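K.L.:
Whole structure, please, built from the sequences with the hints as guidance.
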Amino acid sequence: MDVEDIELQLFVRAMQLRHGYDFSEYAPASLKRRVQQLVRTHDAGSISELNSRLLHEEGFVTRVIEGLSVPVSEMFRDPPVFRTLRDKVFPVLASYPEINIWQAGCAHGQEVYSLAILLEEAGLYERSRIYATDFNDAALAVAADGIYATREARDWSRNYIEAGGSHSLSDYYSARYDFIKLDKRLRRNVTFFNHNLVTDEVFCEAHLILCRNVLIYFSNTLQDRTLGLFRDSLVRGGFLCLGTRENIDFSPAAAGFADVDHALRIYQVGGAGARPLVR
Amino acid sequence: MSSKEKRHSWLADQPLQRKIVIAIGALLALFVAASIANLASLWRENDTRDWSKHTYVVLITLADVNDNAQARQVAARGFLLNQSDAEYADFETADRDLVKSVAALRQLTADNALQQSRIDRLQIMLDRWKDEVSRYALEPTRAIGNAATPEGALARESIRHDYLEHRTVLMTDVRRLIDEMSATEHTLLDRRNGALDDVLTATKYIDIFSLLACLIFGLFVIGMTFRLITRPIVRMTELMSRLAAHDHGIEVRQLARRDEIGEIARALQVFKEMSIETAGQTWLKSTVTSISNKLQGATTYRQFADVLVTELVPVMKAGLGIFYLFHEHSARLERVGSYGFREGGHLIPEYRLGEGLVGQAASERRTIVLQDLPDDYTRIHSGIGEGAPRSVVVLPVTSRESLLGVVEIGSFAHLTALEDRLLEELMPIVALSLENLGRAISTRALLEQTQSQADELRASEEALRSQQEDLRSTNEELKTRTTELQEQSHRLVASEEELRVQTEELHASNEELREKSVTLNEQKDALEALQKDTQDKAEELARASQYKSEFLANMSHELRTPLNSLLILSRSLADNDEENLSGEQVESARIIHDAGSNLLRLINDILDLSKVEAGKMELVVDTFPLADLARTVARTFNHVAQEKKLAFSVDVAPGLPATMRTDGAKLEQVANNLLSNAFKFTATGTVGLVVSRPATGAILPAGLVPATTIAIAVNDTGIGIPADKVLRVFHAFEQVDASTSRQYGGTGLGLAISRRIAMLLGGDIVLASEPGRGSTFTVYLPEEAPDTGRSADIVPLQQAAAEATLALSPGLLTDTIDDDRASLSPGDTVILVVEDDPAFARILADMVHRKGHRVLAAGDGESGLALARRYRPTGILLDVMLPGMDGWTVIDRLKSDAATRHIPVHFISATDDATRGLELGAVGFLTKPVSRESIASAFDRMLHFAEGRTRHLLVVDDDASARTAVRTLLKDDSVVIEEAASGEEALAKTAKTVFDCIVLDLGLPGMSGIEFLEHLSRGGHTPPVVVYSGRDLSRDESMKIRQYTDSIVVKGARSPDRLLDEVSLFLHSIRHGGGARDEATTAAGGVDEASLRGRRLLLVDDDMRNLFALSKVLRSKGIDVVMAQDGQKALDTIDTDTGIELVLMDIMMPVMDGYDTMRAIRARPAVAKVPIIALTAKAMRGDREKCLEAGANDYLSKPIDVDRLLSMIRVWLPTRS
Ligand SMILES: C[S@@+](CC[C@H](N)C(=O)[O-])C[C@H]1O[C@@H](n2cnc3c(N)ncnc32)[C@H](O)[C@@H]1O
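These protein sequence lines are chains F and E, in that order. The first sequence: position 174 = 177 (our numbering), numbered continuously. The second sequence: position 567 = 851 (our numbering), numbered continuously.
By construction, these hints were calculated from the structure, which means they are not laboratory data. Where hints are given, some of them may not hold.
Stated by the list, open to error - With a cut-off of at most 30 Å between alpha-carbon atoms, the simulated DSS-like pairs for lysine-lysine come out as follows:
{"hint": "1", "chain 1": "E", "residue 1": "LYS808", "chain 2": "E", "residue 2": "LYS832"}
{"hint": "2", "chain 1": "E", "residue 1": "LYS1396", "chain 2": "E", "residue 2": "LYS1335"}
{"hint": "3", "chain 1": "E", "residue 1": "LYS763", "chain 2": "E", "residue 2": "LYS800"}
{"hint": "4", "chain 1": "F", "residue 1": "LYS187", "chain 2": "E", "residue 2": "LYS337"}
{"hint": "5", "chain 1": "F", "residue 1": "LYS91", "chain 2": "E", "residue 2": "LYS1009"}
{"hint": "6", "chain 1": "E", "residue 1": "LYS1324", "chain 2": "E", "residue 2": "LYS1179"}
{"hint": "7", "chain 1": "E", "residue 1": "LYS337", "chain 2": "E", "residue 2": "LYS303"}
{"hint": "8", "chain 1": "F", "residue 1": "LYS187", "chain 2": "E", "residue 2": "LYS1413"}
{"hint": "9", "chain 1": "F", "residue 1": "LYS91", "chain 2": "E", "residue 2": "LYS1335"}
{"hint": "10", "chain 1": "E", "residue 1": "LYS1401", "chain 2": "E", "residue 2": "LYS1324"}
{"hint": "11", "chain 1": "E", "residue 1": "LYS928", "chain 2": "E", "residue 2": "LYS1009"}
{"hint": "12", "chain 1": "E", "residue 1": "LYS929", "chain 2": "E", "residue 2": "LYS964"}
Note that this is a predicted model, so its numbers are computed, not measured.
P.N.:
Shown next, in the form of structure tokens:
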């Protein structure tokens, strides 16, 4: 084992012991890259230097978390997914008197607003609640603001159309200088929360869970745990939507889920449904 | 031709609109003229034709006149011949006609004087003729009459002669005149026809001419349009597209025209000029930027000059270019770059200021231009020849009036304006770049200089430092060496000293050690022996008590098992269902049953007692309201008192605390025991219970103080107890005398147990009695029971018992009873009985048979499982304690196998762990001993859940067509669907039939859907309900509904699928909705705890699933749960409801999260102290602190562990006032 790997393990231990963040079950290769990146951004000579700051410097951990989380996202990312949600999933959700949606790993919130827009257009937003969670507080703050660079909005408009949007994306934001700000009304049924998928527990009964491009950072064990959380949170007949590069095929959790669209990773809980939250 | 051209250009100058008006106007005028001419000739033609017609009429009338005259003559002649009156009448008519026709003729020819005069004549002639005829011929003839006498004939002859003599007018004259007149008319007719022919010819000519004129003029207009409008526009368009393609060579014509075409042409011209201008500008700009960009790249003057001239000269289409750089210090211009230039001749590489044109331009800072140079001025060379330039330009390059250089350019052509401008714009940029270059060059030089200086400096520094280093290290070395030497010598002295002391000490300690080790060894031996002793004893003790407990447990189990069968059988005998027993036999059976029941009670008591004695009695010390004691006791014994006609009173003295800390359940057990004794031994009078402080002077058990002691006295007016027996009543297995036992029943263990319990609770029971007058038992208890610590778990005992069973009942096993496995046929309802007690198994089998079902029996778990897998029975009755694999394992295996999962399992066992059984998926749990009734209901329950039977479904909807729709959707062979149109009807149906599922529409007439649900749930066993709603529900509404069901389907496109799913889930799968799971929770928390009962608690959570699961558990503990779905509602509740004693607060809620809500609560003075327990899904370090900071008293992470939650609630609930 080379020195850097040792340092990395120490880093993981330090995060856990000092701050309670458990990264031991993150996919090692990507974690290593993120940490190396951290070393560079903080001008540290080595991971060890990072570790010492982590141990002694107040507030440094939040910056580390910011560095380890990869909060990249787009609105209507993978438009077919959103189109399928709209065409196949929403009609079923419409049969519930209220709709709770958990968006886990919401990053800068683009997906949250995308969902809100589609729900609004389907006439379902009034009875929906979106719980948007992430473990990166800085990202959550950005998400809550709903302000993005205009340059990105151009691609998003195209995505929106491809996702089957029935108006124009520009109906939902106002642009000023180089930024766009999404309509505040889209936020009215959204709640942003800090929630760590590694340590925290189920907190709501969800009808739809979106957790896209988060599991790729996790080891199999951690993926299983997370899928278990989702399984516990979803109501009978609830839906789970993962990123297009993730799947549940080899997880023990797969047993409870049936394909809605295999290629787009949209699943539905079959059988007896959610377990009670009380032991 | 020229005049035509002119006319055209006048026309051409007119606006398009006017042109069109003129053309169309002319055409219209032409058309109108032609039409008028045509009309006029038509009119004339008509006129002429009328005149001809008139002439014809005149002619006809003339003929009439002639005819009438003739007729008159004929008539006259006739009369004369035969003198008939008829002839005479004819004469007169003809005459009348003649007069009429003559009059007509006169009128017709009124315009013709000649004819009028002729008519006059005619008239005269006719009149005269008539006159003569009448006078000379007719009249005389008439006078004679028509006598055919010769005289008559003679007279007539004379008359004839007479007439012939006198007549002057002859008819021939008349006819001649008429002929004359008609001849005149005929000539007139001829003339008039000729005139008509003329008119017709004239009309024809007019028509032909006007048609031709219109045709020719139309063609002319088309021609003009084409010439004046279309062609110019086509030409313009062509020009425009050429201009768009940047063809600047186009020539725009028709500029002078003053119509729109002219305007377009002029605009086009402007565009052309603009386009040429922009092209020039672009060229200028791009040339300037490209040259300046290239100049930027130059790093030396030479490079700069080369770039400048090689770029500039070709662009200017010149052949020669030179750049001179001005050196300020020498005030000379040096040629540093050139283009197309041949060295030699009269050209010098350097100029002073003012020298030559170059120097001149430089000193004046002014551009000099020479045109039309002489041939020998200079030459421009190329490989194929040479020539003299026609013009030379010399430009100074200046920046802020300071000279930097000069550019000279020679060219064959004269400079164009554009090239002029290029030079003009370029020069400042050249100057700027040159200046920059100069600056860069000098900076570079400076930098190099400083760098080399720095290098030098560093080198010398380095050298210095190394020298210093060397010096310091040698210095240090020296220093250390000296100190080392010093220390060495010191140490030597010291160690010598030390060594001496050490040897001394060693000696001493050696001695001591030897002594000590001897005594130590002795002590150790003694200790070991002692230890072994105690250990042995302890082990023995433990073993003994273990044996005892195990024995007792086994005993009770072993005893209960046969008792079980005994009780059932004796009961069924006593019931004498088959009516084949004599009264005496029935009585015996009843005695057997009673005795068995007594025995069972005794066993239970022994078990209790042994638990107390073994210290295994579990105490749950908690806050217990004294009022509760009074209430329960009164409730239990009131009817006993009525039955025995005894007075019964319960009193709680004033001034006592409301609660005490003790084990409420145990206390109640004691009180119950004492009271049932009192009732037992009292025939008349009163029984009473009084709770008070100890009476003054009462002798209290050790350790109790009157001020904190509660006395619970049970008094009666019964038989009393003799003084010598007072002590013995508390001994186990002793009653006042054996006969009493027989007379009054009871095990005699009750008092012993009660006293032990009282002592365990820190008090005692004291008895005062007078035989014959009654007795008083007083329980003294401290307000606060001593914390004895929880005693050991009961579970190991059970395990031991299970193991013991295994050992105790070998061989009692399998297949000792016959079953129906050999004679099963498909379609049978088959019940599998897994029971190791053959007697009981037989009873069960018997009951199954009596119900008309088939039975399978197994005596142990393994074979039970095997039978279940092989025969797939309809239901299974399962014992827990089985030899080998126990019942828990069996059900676990059954439920994890897809083939057997659906088979309903009902437990019947001596164990009383119903919760565990239901959790494992059993449909019910019976604890032995059991009654036949309970077994029967177990059967029903099991078969209810069994597969294959028909399911009953109720559809409640007021709309018949909606009901039919649901019915069609859910139709299935095994489902009987009933319908109800209102809540009332549905309730009536549920009272009659047990439904497996109800589909409910919310909007019902009369009782609403929600009211229906309330009623239904009040009725006890609720079937699962699927709510099918036609409208959206508010959060509040759905929360109300979710108290009863979590299957809510809102109607929409995909809702039928979901409805089907939800319903079939209830009908065909393991989920029982309101069934087993509910009972499990109630069973789990069934005992409601005194300390929690009636306490009001606010539960705040946005997650309905959580809200209901938690509130259900809490309510089962007797807690009064108020729910709030979000922070704001929580605040509203807490503001209005002052009875809230504790708050359970979820953290992750929308809008106002748990932290904010807690802070808001803490900010309210009225409720700032209410304890709050935060419930959160967050488990990170720091989350706890965050909760506490926000105002929580404690913190529990999800998923909620109910036991922990309850103990937390107990801790934080304020003690009752
Ligand atoms: C690549 S982004 C995904 C954004 C978005 N879902 C999408 O697909 O466009 C991954 C996000 O997961 C979050 N994340 C990573 N580990 C997490 C954890 N243990 N708990 C919660 N969020 C986590 C990161 O902070 C990051 O914002």
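K.L.:
Does each hint fit the structure? Answer for all of them.
P.N.:
Hints and how they fare:
1. E:LYS808 - E:LYS832: 35 Å, violated
2. E:LYS1396 - E:LYS1335: 29 Å, holds
3. E:LYS763 - E:LYS800: Answer violated: LYS763 of chain E to LYS800 of chain E is near 53 Å, above 30 Å.
4. F:LYS187 - E:LYS337: Given that 30 Å is the threshold and the Cα spacing comes to 102 Å, the pair is violated.
5. F:LYS91 - E:LYS1009: Roughly 85 Å separates the two Cα atoms, so the pair is violated.
6. E:LYS1324 - E:LYS1179: 34 Å, violated
7. E:LYS337 - E:LYS303: Violated, at about 53 Å.
8. F:LYS187 - E:LYS1413: 24 Å, holds
9. F:LYS91 - E:LYS1335: Within the cut-off at roughly 16 Å; holds.
10. E:LYS1401 - E:LYS1324: Satisfied, since the Cα-Cα distance of roughly 21 Å is no more than 30 Å.
11. E:LYS928 - E:LYS1009: 26 Å, holds
12. E:LYS929 - E:LYS964: With a Cα-Cα distance of about 12 Å, the restraint between LYS929 of chain E and LYS964 of chain E holds, given a limit of 30 Å.
In summary, the numbered hints that this structure violates are 1, 3, 4, 5, 6, 7.
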